[in-house]
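So the sequences go chain by chain: A and B. Under the UniProt record's numbering, think of the first position of the first sequence as 1, with each following residue one higher. Under the UniProt record's numbering, think of the first position of the second sequence as 1, with each following residue one higher.
If you are wondering where the hints come from, they were derived from the structure by calculation, not from laboratory data. Note that this is a predicted model, so its numbers are computed, not measured. Hints are supplied without guarantee of correctness; some may be wrong.
Claimed, not checked - BS3-like, lysine-lysine: derived pairs with alpha carbons at most 30 Å apart:
hint : chain 1 : residue 1 : chain 2 : residue 2
1    : A       : Lys273    : B       : Lys16
2    : B       : Lys68     : B       : Lys330
3    : B       : Lys149    : B       : Lys198
4    : A       : Lys273    : B       : Lys198
5    : B       : Lys273    : A       : Lys16
6    : A       : Lys295    : A       : Lys338
7    : A       : Lys276    : B       : Lys88
8    : A       : Lys276    : B       : Lys151
9    : B       : Lys276    : A       : Lys57
10   : A       : Lys149    : B       : Lys151
11   : A       : Lys273    : B       : Lys151
12   : A       : Lys207    : B       : Lys265
13   : B       : Lys265    : A       : Lys273
14   : A       : Lys273    : B       : Lys68
15   : B       : Lys338    : B       : Lys88
16   : B       : Lys123    : B       : Lys88
17   : A       : Lys114    : B       : Lys273
18   : A       : Lys338    : A       : Lys114
There are 2 protein chains.
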Amino acid sequence: MVNLNNKSVVFLESPKEYPIPGVHLKVESKMLDDELNEGELLTRNLYISLDPYLKTKMGGVGHPSIYKVGQALDSYVVSEVIASKNDKFPVGAVVFGNLGIEEYTRVRTSNDLKIIEDARESKVPLSSYVGALNLAGRTAYCSLIDIGKPKAGETIYVSAAFGGVGQIVGQISKILGLRVIGSAGSDEKVDYLVKTLKFDAAFNYKKGNIVESLRSAAPEGINIYYDNVGGETLEAALEVLNRFGRVVLCGMSSIYNRTTPYGIKNIILAILKSLKLEGFVANQFSDELEERFFKDVKSWLENGDIIYKEDITEGLENTPEAILGMFQGKTFGKAVVKVADL
Amino acid sequence: MVNLNNKSVVFLESPKEYPIPGVHLKVESKMLDDELNEGELLTRNLYISLDPYLKTKMGGVGHPSIYKVGQALDSYVVSEVIASKNDKFPVGAVVFGNLGIEEYTRVRTSNDLKIIEDARESKVPLSSYVGALNLAGRTAYCSLIDIGKPKAGETIYVSAAFGGVGQIVGQISKILGLRVIGSAGSDEKVDYLVKTLKFDAAFNYKKGNIVESLRSAAPEGINIYYDNVGGETLEAALEVLNRFGRVVLCGMSSIYNRTTPYGIKNIILAILKSLKLEGFVANQFSDELEERFFKDVKSWLENGDIIYKEDITEGLENTPEAILGMFQGKTFGKAVVKVADL
Ligand SMILES: NC(=O)c1ccc[n+]([C@@H]2O[C@H](COP(=O)([O-])OP(=O)(O)OC[C@H]3O[C@@H](n4cnc5c(N)ncnc54)[C@H](OP(=O)(O)O)[C@@H]3O)[C@@H](O)[C@H]2O)c1
Ligand SMILES: NC(=O)c1ccc[n+]([C@@H]2O[C@H](COP(=O)([O-])OP(=O)(O)OC[C@H]3O[C@@H](n4cnc5c(N)ncnc54)[C@H](OP(=O)(O)O)[C@@H]3O)[C@@H](O)[C@H]2O)c1
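Isolated chain A (complex conformation) (with noise of 0.2 Å):
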């Protein structure tokens, strides 16, 4: 094989506030080194996942940048062997693990790569193997299980709630026999939320008091607060949650890309109705629970029992729009790249 073109999102400088295009981050060509050696891989990259923790890794306030200038991102990508010096992993073989944000990668350790074994038959969208079957399903799945500890006939509220996360902690509520409520930062996705993804109720928290909203849709109060954006949402929480009531602490979005820190005023409500909080990292959990998390998500996705709305941007040149669109909270869904067709 001769060397590749190959087009790359890498990192420039660390965002105060949101990434921005050509200033934190860009898109970058460069002739890629595909001379194999022993043990490795190039892989031609097909759905890249976009996620909050990006803003996590460039740096910020803080926290330096992960990355090196002119470094390329890494994401959890779906993609396929274009060439092999590594029997695990057969040119054509379709992959998914931690790769980079660009068309081809070079493959030096695959140990966390996992080959889906029926993707060319696949009962799911590939693209599933970014997000739902991936870092955004095994966080809902593992942490509403093992921190949130759901039972049938209680009342779950969970914010960002149309994001990659969101949709699958409210339809797992579902089935597992909760009341779900959720909140999302527009019209369009609240309808989604009721309509499509069937939660019992949902409201845009950018209209509107966010206690009154909460209230209304749980006048009995709520159990299970699934945070994904900290602030002013979890203080409002912390007002409606009932007694022995538990908080999932798994992301503050809302405070990402602000130069000034939010303090939740009203913790002292953690004492007066006996609140647990607790917060997590996604590769915490037992081998068992992901077992679990893989093999049900799988399922319920084949069955129809959960839906996954996915934002797909096509092209990875279009990569930095995105990802700036996402903190903007104008993705409808999981954001997704499509870089290629299998």
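Given chain A's structure and the hints, the job is docking chain B with the ligands onto it.
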């Protein structure tokens, strides 16, 4: 028996900030109607506990008072039965439980009273039955075990460490093999924590930066933060907690006398470090755990494994000043009022 002249501490008005003698509460003398009905008792109160919880009961910012104007406050009390129409509590029995902050109490329902069988030859001071063997001790023991989940070799940090709850939390933690760090509001208290109560390290939170003091007392970080004060100290502890750390949210003394709430700005650390924060109310624990508490703490007090420093104010008439002093941190140890000798 003839009618008794009875001094009581009565409620006047909800304090927005500190409870001021003469403004929010005062001592009043009244004749007590001691003509008992069937089932009733008359008790002569000996020791009375003063707890920060009084502030909550008296109302203030956002919460109404549970007392009516002119009504006697109530608390944890050790008392002698001096008249009885109730076979379970004969004259001469020494009891402890919830009674009025007054010289004599006419007890209409004696449900929660317990008899101290060995009161006249007690190996622990009778005053222990209002604090170490009552709310303060029960709170400390049950929440530390059930929520803190202390393990030998771990490091715990306790704020308001020389208070009624804090002293017990720290000393139980030592017994369980933890490294114990405390903070308090004066150098004398800090000295006592280290020299007499055998804390491994302690600091005066009013001097210097709390994060720095905590880091130098716990260079390898802390695993449990037992929070009696909230606010800035809670923020500092979140900074210094290690991965999978637990925060026992017991009380927020630093905000009880503030009119403006304090915002916790670094809750995001709970996600990055997989921290758990859990609040509780003292009566939520199992009977089994409460029984273990009483048995363990009583024997630790008897054999000197736990030292319980009480700051005893003599005379009921000095109670309003003692209450104010407790909120101002003037109390040296657990705040107790001695009304009379047995
Ligand atoms: N702990 C972990 O290990 C772990 C793992 C994965 C993800 N996470 C976190 O989980 C959260 C959800 O992740 P995701 O992948 O599902 O992302 P996502 O929700 O699909 O994407 C971000 C969404 O957050 C919402 N948002 C943006 N700014 C906001 C603001 N100021 N206030 C409220 N909402 C805002 C937007 O939707 P709206 O239109 O509704 O505003 C946006 O679409 C993120 O915070 C992420 O960092 C944590
Ligand atoms: N959750 C429950 O069910 C439950 C049950 C019992 C008690 N509690 C709570 O547990 C905490 C401790 O109770 P306790 O009976 O042991 O009270 P305590 O600590 O004996 O009395 C209050 C002490 O708090 C400290 N303090 C006062 N203002 C402060 C401030 N601004 N910042 C930091 N510290 C301050 C003072 O000591 P310094 O000189 O060290 O400042 C004061 O002596 C209280 O918050 C109480 O409300 C909760």
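- Message: Under the constraints set out in the numbered hints, which ones does this structure not fulfil?
- Response: 4, 7
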